[in-house]
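Just so you know, the protein sequences line up as chains C and U, in that order. Under our numbering, the first residue of the first sequence carries the number 1, and numbering increases by one thereafter. Under our numbering, the first residue of the second sequence carries the number 99, and numbering increases by one thereafter.
Calculated from the structure, these hints are not laboratory results. Where is the CB? At the ideal position from N, CA and C, for every residue including glycine. Check each hint, because a few of them may be wrong.
[Said to hold, decoys possible] Sample of chain U residues at the chain C side, in silico, Cβ under 10 Å:
#, residue
1, E325
2, Q350
3, D530
4, E573
5, S575
6, H811
7, Y816
8, F821
9, P822
10, R825
11, P897
12, D898
13, K957
14, A958
15, R960
16, R966
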Amino acid sequence: MLLIRCPHCGDRPEVEFRHGGEAHLARPPEPAALSDAEWAAYLHQRRNPRGPHAERWRHIHGCGRFFNAVRDTLTDRFLATYPTGAARPDGTQQGDPA
Amino acid sequence: MSAPFRTHQGGRPDRARTLRFTFDGRTYDGHPGDTLASALLAHGVHLTGRSFKYHRPRGILSAGPEEPNALVELDAGPGRREPNSRATMVPLRDGLLARSQNRWPSLAWDAGALTGAAAALLPAGFYYKTFMGPGRAWEKLYEPLIRRMAGLGRAPAEADPDRYAQRYAHCDVLVVGAGPAGLAAALAAARGGARVILCDEQMEMGGSLLSQPGTRIAGLPGWEWLEVALAELRALKVRLLPRTTAFSYGLQNMVSLAELPERAEGPRERLWMVRAARVVLATGAIERPLPFSGNDRPGVMLADAARVYALRYGVLAGHRAAVLAAHDSGYEAAFALQAAGMEIAAILDPRAAPPADLLAEATGRGIRVLAGQGVARSLGGRRVTGLISTGGERIGCDLLLMAGGWTPSVHLFSQARGALRWDAARDAYLPDTAPEAVLCAGACQGSYGLGACLAEGHAAGGGHGAAPGAQPGREPSGMPTAQAVAGAAKAPMAFVDFQNDVQAKDIALAVREGFRSIEHVKRYTTNGMATDQGKTSNMVGLAIAAATLGQEIPAVGLTRYRHPVTPTGFGGLAGRHRGDLFEPIRRAPLHGWAEAEGALFEPVAQWRRARAFPRAGEDLHAAVLRECRAVRQAAGIFDASTLGKIEVVGPDAAEFLERLYVNPWKKLAPGRCRYGIMLREDGFVTDDGVVGRMAADRFHVTTTTGGAARVLHMMEDYLQTEFPELRVWLTSTTEQWAVIALQGPKARTILEPFVEGLDISAASFPHMSVAACRVMGIPARLFRVSFTGELGFEVNVAPDQAPALWRALMRAGAPHGLTPYGTEAMHVLRAEKGYIIVSQETDGTVTPDDAGLSWAVGKAKRDFVGKRSLARPEMRRRDRPQLVGLLPRGTVPQEGAQILASPGARMAEGHVTSAYWSPALDRPIALGLLAGGRERMGQTVYATVMGGAPIAMEVTDPVFLDKAGERVNA
């Protein structure tokens, strides 16, 4: 079981959290302006990197807040957790899509 | 009773005390400190079971957790029957009752053994190749037959009466294995001030020290040092967990341990989930058997196991042993056994030139060594009586020992995602690097000398200065297993995996048939797939596969070690999460009333809802018809408390709902309600419910019963991550409001006298109104809404006030025919009106238009979640499945039945989503999703019937009753 550091509450066991998919995917402000292909890409296309990956988590059985985390998909090691809206920390570059 | 194979003295068991136990109906005795296996061997009992596939007689192979053969059933009374217990790991206790498995009528005379006679006809993949057809023969004939023939223990049928515990623990250092390396690690870590947990799967700590009484550590005899070390660990507050198996290594050093507490009271098993800053693995090594014909006969045993039985338990596994020693440790075992009083018939060493020092010692002891020779086959029936050497010599013996070298126990290290490297000198895979904070010490990384084990443990525990001293011991060597297995593939009944009855020739056959990956060879032959996970068979099987492929072992690879490394009881894993505690049951505030009324309940999400209230003599169908008629003709009362409720509050609340729901909200006046539909971003309906505007900045949102948590999560997601600028607060209020629905033409008449501060007449409180008021003096939110098509109200009050109000309404309504109704009548009533139920009429692929709900979508809205997806060409096709009404002829179709255009059509064009007998129409009705359905009104389609003729149905509008809505607006 993973130990996850909620930016608001500290280290908590994995069972208190819910995974929320890839991070830093902003909903387009004008969806109607997008082509079908662009919209489909926003809806469905996700990176699946081998290595550091920025993803959303929610401390659903704790403070209830969403936050972002960079996790190495190879080792399951968390490199950083940070509040929603904050930029991805330096030194946690994206892994290679695999 | 005398135990003829017990030595005169020595060993760990407490000979002053006697325990009696029963195996297959015969009573034996033993001592505390014995295992079931050692106590049986003390009485000369080797035959303990029949094998899985061929029903061959099997005996005790090992002295430890790797045991593949001696699996017995322990019976401690109803619900306490435990199959597949390894006799080598069962501590003996007084009154223990054990039985052999997989035999009929008896262990000695087993009818299934005929399979063994036909073994030549049962090669690897036999089942895949043979039991292929015809169609249903597998489930009707083959599978039941194979299941009866092949199999291990019987699972208990009764409920388990015992208690199981689970515990989380944290420590600085977790040491797995309390042999010399683990003890040295725990001592070093604890002396340095670390919080330490030390666990070991045996009933007694000490590991290999327990079978080395003659050794010396730090100037003390080995067993004395062990006492001193354990006493010091206790004084240092180290948590000592004997009888505790580390069976799973999870992420971030979370290791799961299964403890079998010794106390009779208390939990039967305890699951420990230990989070350790550092883990030291001192898990030892397992001896390899060797494949030759009849290497599975009772009396054929691992050489070190025989040494352990003699020196730890004071039990000689035979009177006269022959030793097949492809590794030096076979000599050590032979010398130790001879010293303990066993006759050594011969040592057969397949190496042409065994080490000179061992040869010299054997000669000095008068033991004959046959260099360059192996065992061609064992002799005997249900017990070994001798062997034929590869040189053709016949040697008599009642014990045949195998020393095939050692396999370090790297299972847990591998689960820690540690990489393994092949070490040719030690002929084994050894731990290399791991991403977790884990260190190995001793035999599990190929260090077999006592001095090395102590030094490595001391270092792994973070020790300073010198480790506890011991003689370094000689560096052992052996014939590589890939050489030692040569020729085995041609030998009949040369077993590799004893538990799954896999022979050397099966592995060679798999390779010949084209399987190259060791993972595929494993699955095709089932080598290493039994409950022992191949602890004795993996490396031997790998060596045979490599030899057959003409490759080196590291080129062939290694299979993965699954969780659990060692079989673990289900009880500990389940802990207290069983019975009533398996999953919480949510009971609405009026549950007690419904229960007292004799309601039938059904599970809806975690709730239990009253399905119907049958009266004496009524079945469910009759009750539902009566309840429906009451609602249409008079009035019904319904507990709608399980509806999800979310309070959406804030200056931007309307703007937030505008973005989350398809409907327009900004112009909805306070005091009014609207039926809301929520989509996912992909355009499909995910939830629906009535939303009431309580004030300009406050909405009372209802969701489906099952969707409450999902909807709140989705709302929070958008609010926190996409629209953080909106000033909105979301609160789940599902359990803050009990909801009593009054539905039917008399609903207003019954309710009106209770309402204070509100005129609920049709003119001033029309359909889809909401207001705060008092009902029977209780603060309430009163909705005028309907899910039945009748004049209806939903009274929201605090849950603790709800039962009193419910009873008062029942009393006041009785003269008017007020009738409680359940979810089944609710389903029928709403279907007569064509109201959908999300997840019944929808399945995650239904758009608002598909469901006939386009009218609800705010056409002028620039955006809402899911809107862009609705514009995709696929979503606008005219032949999408659309909600229609169906008028079945004669009988009610099955919900989920496929809809066909003609009775014999091969292609379905939709499916029935809801189907009932309608009391209002006095005929069957159904709702369904039908391709292009709205353009097919009046057509006849057909619902499939399992094993019967399809039911003809006329396509019609989904609103079957009161299309103008006069009743609901009354």
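Structure-based check of each hint:
1. E325: Violated, because the Cβ-Cβ distance from E325 of chain U to chain C comes to roughly 37 Å (cut-off 10 Å).
2. Q350: holds (5 Å)
3. D530: violated (15 Å)
4. E573: Interface hint status for E573 of chain U: violated (35 Å vs cutoff 10 Å).
5. S575: Given a least distance of 37 Å, the restraint on S575 of chain U is violated.
6. H811: holds (7 Å)
7. Y816: holds (8 Å)
8. F821: holds (9 Å)
9. P822: With a minimum Cβ separation of about 7 Å from chain C (threshold 10 Å), the hint on P822 of chain U holds.
10. R825: violated (16 Å)
11. P897: violated (23 Å)
12. D898: violated (26 Å)
13. K957: Violated - the Cβ of K957 of chain U stays beyond 10 Å from chain C, reaching only about 13 Å at its closest.
14. A958: violated (13 Å)
15. R960: Status holds, d = 7 Å.
16. R966: holds (4 Å)
In this structure, the hints that do not hold are numbers 1, 3, 4, 5, 10, 11, 12, 13, 14, in rising order.
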